[in-house]
Amino acid sequence: MTEGKVVSWLKSPGDQVKKGEAVVVVESDKADMDVESFSSGYLGGIVIEEGGVAAVGSPIAFIAESEAEIEEAKSKAGGSASSNGAATPAEAPPAEKVEEKQPQPAEASASAAKPAPAALEKPPSPPPPPAQAPAPVPQQRTDGRIVATPYAKKLAKDLGVDLKSISGSGPAGRITASDVEASRGNGVASSKAAPPPPPPQTASAPASAPASAPAAPAPAAPAPVPTTVSELKGTTKPFNSMQSAVAKNMVESLKVPEFRVSYTIITDKLDALAKRLKPKGVTMTGLLAKAAGLALAQHPLLYAACTRDGNGITYASHVNVAVAVSMPDGGLITPVLKDADSTDIYQISRNWADLVKRARGKQLSPDEYSSGNFTISNMGMFGADKFDAILPPGTAGIIAVGASKPTVTADASGRIGVERQMTVNLTCDHRIVYGTDAAEFMKTLKSVIENPDQLTF
Amino acid sequence: MSGRQSLRQGQFLGQSLPCAVLEARSVKSRTRQIKLCAQAAKAGGKYDYDLLIIGCGVGGHGAALHAVESGLKVAVVEGHDIGGTCVNRGCVPSKALLAASGRVRDMKNTMHLKSMGIQVDNVRYDRQPIADHANNLAASIQGNLKRSLEAIGVDILIGQAKLTGPNTVKYSLPGRVDVGGTVTAGDIMIATGSVPFVPPGIPIDGKTVFTSDHALKLEWVPDWVAIIGSGYIGLEFSDVYTALGSEVTFIEAVDNLMPGFDKEIARLAQRVLINPRKIDWHTGVLASKVTPGVPGVKPVEIELTDFKTKEVVDKLEVDACLVATGRAPYTQGLNLASVGAEVDRRGFVPVNERMQVLDTKGKVVPHLYCIGDANGKYMLAHAASAQGISAVENICERPHVLNHASVPAACFTHPEVSFVGMTEEAAREAAEKAGYGDKVSISKTSFKANSKALAEGEGDGMAKMIYRRDTGEILGVHIFGLHAADLIHEASNAISMGSSIGDIKFNVHAHPTLSEVLDELFKQAHVEGIPDIALQSKVKPEKGVKREAVAA
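From first to last, the protein sequence lines stand for chains A and B.
Mind the numbering: the first sequence is residues 1 to 457 in UniProt numbering, read in order.
Mind the numbering: the second sequence is residues 1 to 552 in UniProt numbering, read in order.
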């Protein structure tokens, strides 16, 4: 058993717990089991709520030894929830108490952003401003009540849609499931204009600009919705939980000493390969992930991580490449392509298509977005030629891929030609990756990308 | 809840019958050879019949068959439809609807099918043929029932009956002069059954606000149905409606759904039958005001009042409202006063454990019995027929008491729920009172551990057994999973025959079958003084091995 799902809590925060007493019911791949407490005390904070999944060994709740410590345990739960996998655990109660209010835990994962339905509940707070603008005002009902069918309510909760913003097409203005689904089609916040959330810059899979049309549909590439900037002027909008998580992770990353190495990579052959394989469902994202995977396989340090106490290096056993994707409603997610070095390109592309589809539907499990140990951020499709990405906590490297442009070049003997070149900028954790390591990795990556036939295995 | 019970000799407390017993009976038995007893009707002319049964539902029918076997001259009086609720407005049509809708659900379960490599596109259904399936089945079984009685010489009288004296019954149909009459009988059995209970203030229009009686006709499939009551009837209908594409909202007065079920089973059942479906719920509320609507034009308005605070907390606007708040006895007009008895404040006829009616002073009214829903002891079809048979035994002076703890019950959702005996909560409470509270043990198993269930892709389910670890007595068994309604009988039989776990622990179950789920329960149980069997589902004890030979 590698993970379990919490079925139900038999105790509530604040309840007394005796050693050996059943506290929670957990579902494994075999059956539901009552789990007993190892110690006596008071149930302080619950980290994984009912329905939530946790990996074996990760905390699901905190038990305080004495009543006095219940608050501390509660805050630990709140903190641990929002920094699941992040470098630092939560500390002192007062400051963290605010976090306790963070609705469902297990949200803010290391790689920032998670589509977990629970995170995006909050009926009061509306979806990101830009998206709100064009949404139609609910019409039919005159009494102001919101009537929605059971499935419509479930969908709205899962998709993070505010029922108030939907007009119901059912009898007497009833909101139906199809109304909820239709509403997600509008208000796509691709107007990520202003400060896009840091590290994994928007970027979506295919089209790193070079090649022709993007092979797979880009989650964040839909036609930009006109922003009613006037609606934003002078307003202050508090963060939703995803934005809070991202901000928190960015601040966390300041604790890590980063440095960057930039490389120019010639992409003529890669573009040609992408074009050839496009009919087989292979996308540029898949190719880049595979290339990164192959290069990483030769440089284990680049997909390792510094230990939490900053005193060692943990080498990972799998090459899991995460690719940053921005979500239509303003979220940020990093679906993971596992074992990118040893999976064939076709399988990678299939996996990617599935991950993207489910990411859009906010159906990814934590394991699918937080198990990455190296990240790719691609802004080439937006024309950015050079940028640097911020390192997600818990990883050692992230590459920022720019657009590929035809460039006039001169060779050693003075002959002039034109090549398609893109700039790839690697950001690393200098506690474990030193200059030479980074440069050597980039050299390998360049050689893999410039000799892309090895990607087709 | 349906079921016909077959009678074994064992039920008769060791006393042999004066005449041969039918091997097995089914509702459709019209061609069975019946060996009637040579003994003539005891009445011998004093009364028209030895036994007159008021009401020809499942209870009355079962009693009639057994009475004829016991050599009595029998008549039944029926004022509505032969077969009563079960055949016409209950078990039979509901199972037909569940069967059809269950298949729709299975075929639309693309994920489940895909996991087995199957793809089914375009699953559609027509409402009318599904409704016809239910109606036709009811009509067919009603016909079988009638013929089965006629074939053995039972007189079927048409009319609503009332007592006019200790051995006299008058019957008639309102507005009809061609039917009716007065008959006398040595013994009279009331088996008038029940009707859906509608809380005061809820107007039934039969179209948008209705009971199970109307719902079973499936005249339309509303988009959104509010179901008041989350017991087995409400649950079964939610299963049918959601399978056919509707959305459902439960309105439940107490704080949790499925209040009658064992709590652990209810939790799992909720996770499988409710949470993943298009169902939501309001608990701890009453539907204080229901205003019928017009299909397609005006929604049904339901006002919800908090059960405790009596404040209005919400107002629903749905397409239809099914009232599934239980059943009330159908006992008006029986004129029990003519024999000094009366119904209790809820309308049930008071009886003792032999099904004899008790008068207002608590004394037995001679020669008057009441069975089935009308007495309220255990409102299930097969309980009614068991009670009917027990009553006939008592009439024939072979004292018999039905052990209700051995009567199983089932709910035919997908997957099914079934149980026999007490819930864990009730068992612990009873044990505390009786002083063996610390001897109560539980054995549990998941369907995920059963090869057949996994092969079917139906690993969702569990079974649990509550037992006494000092005596091995089985106090209750609860099953939630595929074919739970069929699997429970091993447990109910054991309880009925007074078997302890030690007696049945060595029984062999075919592999791979779902029955091994129960095998696990028995084998996992730790009864003091009996060696445990190694708990491997692949390892079966050798057949016929005596207990002593097995090492501890």
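For the record, the hints were derived by calculation from the structure and aren't laboratory data.
It is possible that part of the hints are untrue.
Far from chain B by the CB rule (all over 10 Å, computed), these chain A residues [stated by the list, open to error]:
| hint | residue |
| --- | --- |
| 1 | S8 |
| 2 | V56 |
| 3 | V147 |
| 4 | F457 |
Straight-line distance between alpha carbons at most 30 Å, and here's what the computed DSSO-like set of lysine-lysine pairs gives [unchecked claim]:
| hint | chain 1 | residue 1 | chain 2 | residue 2 |
| --- | --- | --- | --- | --- |
| 5 | B | K114 | B | K452 |
| 6 | B | K315 | A | K164 |
| 7 | B | K263 | A | K157 |
| 8 | B | K114 | A | K157 |
| 9 | A | K278 | B | K452 |
| 10 | A | K11 | B | K146 |
| 11 | A | K157 | B | K452 |
| 12 | B | K448 | B | K263 |
| 13 | B | K315 | A | K18 |
| 14 | A | K157 | B | K217 |
| 15 | B | K162 | A | K153 |
| 16 | B | K146 | B | K263 |
| 17 | A | K5 | B | K448 |
| 18 | A | K18 | B | K377 |
| 19 | A | K164 | A | K280 |
| 20 | A | K153 | B | K377 |
| 21 | B | K448 | A | K338 |
| 22 | B | K377 | A | K338 |
| 23 | B | K263 | A | K153 |
| 24 | B | K170 | B | K108 |
| 25 | A | K362 | B | K114 |
| 26 | A | K11 | B | K377 |
| 27 | B | K298 | A | K11 |
| 28 | A | K157 | B | K162 |
| 29 | B | K162 | B | K377 |
| 30 | B | K298 | B | K207 |
| 31 | A | K153 | B | K289 |
| 32 | A | K5 | B | K108 |
| 33 | A | K11 | B | K207 |
| 34 | B | K217 | B | K298 |
| 35 | A | K362 | B | K433 |
| 36 | A | K19 | B | K439 |
| 37 | B | K217 | A | K19 |
| 38 | B | K162 | B | K114 |
| 39 | A | K153 | B | K310 |
| 40 | A | K278 | A | K405 |
We put the CB at the ideal spot given by N, CA and C, even for glycine.
Query - Restraint status (C-alpha distance of K298 of chain B to K207 of chain B at most 30 Å) - result: Holds, at about 12 Å.
Query - 30 Å Cα cutoff - pair K448 of chain B, K263 of chain B - result: Within the cut-off at roughly 20 Å; holds.
Report task. Say whether it holds or is violated: S8 of chain A keeps its Cβ farther than 10 Å from all Cβ of chain B. Result -> 6 Å, violated
**Report entry** Restraint check for K164 of chain A with K280 of chain A, where alpha carbons must lie at most 30 Å apart
**Finding:** 43 Å, violated
Query raised in the report: Is K162 of chain B close enough to K153 of chain A, meaning Cα to Cα at most 30 Å?
Result: 53 Å, violated
**Report entry** Pairwise hint evaluation, K338 of chain A against K448 of chain B, where the allowed Cα distance is 30 Å at most
**Finding:** Judged against 30 Å, a Cα distance of about 28 Å means the pair holds.
Query - Restraint check for K157 of chain A with K217 of chain B, where alpha carbons must lie at most 30 Å apart - result: 35 Å, violated
Report task. Take a quick look at whether K114 of chain B and K157 of chain A sit within 30 Å of each other, Cα to Cα. Result -> 27 Å, holds
**Report entry** Agreement of K153 of chain A and K310 of chain B with the hint, judged by alpha carbon distance not exceeding 30 Å
**Finding:** Roughly 26 Å between the alpha carbons, so the hint for K153 of chain A and K310 of chain B holds.
Query - Pair hint outcome, K157 of chain A versus K162 of chain B [Cα-Cα no greater than 30 Å] - result: 58 Å, violated
Report task. Just double-check V56 of chain A for me: nearest Cβ-Cβ distance to chain B has to come out over 10 Å. Result -> Given a closest Cβ separation of 18 Å, the condition holds.
Query - Distance restraint between K315 of chain B and K164 of chain A, which requires alpha-carbon spacing of 30 Å or less - result: This hinted pair holds, its Cα atoms lying about 17 Å apart.
Violated hints for the displayed structure, listed by number in ascending order: 1, 3, 9, 10, 11, 13, 14, 15, 16, 18, 19, 20, 22, 24, 26, 27, 28, 33, 35, 37, 38.
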